[in-house]
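Enquirer: Sequence:
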Amino acid sequence: YLYSMETGEYYFLELNPRLQVEHPVTEWIAEVNLPAAQVAVGMGIPLWQVPEIRRFYGMDNGGGYDIWSKTAALATPFNFDEVDSQWPKGHCVAVRITSEDPDDGFKPTGGKVKEISFKSKPNVWAYFSVKSGGGIHEFADSQFD
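Numbering (our numbering), first residue to last: 155 to 299.
Think of the hints as simulated: they come from the structure by calculation, not from any bench. Don't take every hint at face value.
Claimed, not checked - Have a look at the derived ranges for each label pair, beta carbon to beta carbon: (1) Y165 x E236: 14 to 24 Å; (2) P178 x R209: 11 to 21 Å; (3) V278 x M159: 15 to 25 Å; (4) D255 x D235: 15 to 25 Å; (5) P178 x H291: 20 to 30 Å.
Since this is a predicted model, take the numbers as computed values, not measurements. For each residue, glycine too, the CB sits at the ideal point set by N, CA and C.
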């Protein structure tokens, strides 16, 4: 999305009815579990009542998702436009890896994956849709991270 500081208006470039591939980047710097927030909203819980969203806006968590015993904090909605959100925490980089043939203009290509070796750390991690010894089908998406 785009945000105009002059007018305070938001402009969405696209809207998808699914979780974005890049959602871990947002989750990492905002400390919000987006799939859990989506499920909560899908269950009818107002966005202002989701604990991680409340925390992101500097509000008291208010006791979690228990809508039967709402605390005073949860009973009162807040206006997202009138409350400052927290600053992003840290930095995050997302990388997509694709199988391409440099000798053929970097066109997508299939083939066998000889080896994938990645050592995760507490703040550095990766996931792949293929493993060492696996392969990328010639008719499949060449992205395999």
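Enquirer: Against this structure, judge whether each hint is valid.
Expert: We went through each hint and held it up to the structure:
no., hint, verdict
1, Y165 x E236: 14 to 24 Å, "20 Å, holds"
2, P178 x R209: 11 to 21 Å, "18 Å, holds"
3, V278 x M159: 15 to 25 Å, "33 Å, violated"
4, D255 x D235: 15 to 25 Å, "49 Å, violated"
5, P178 x H291: 20 to 30 Å, "25 Å, holds"
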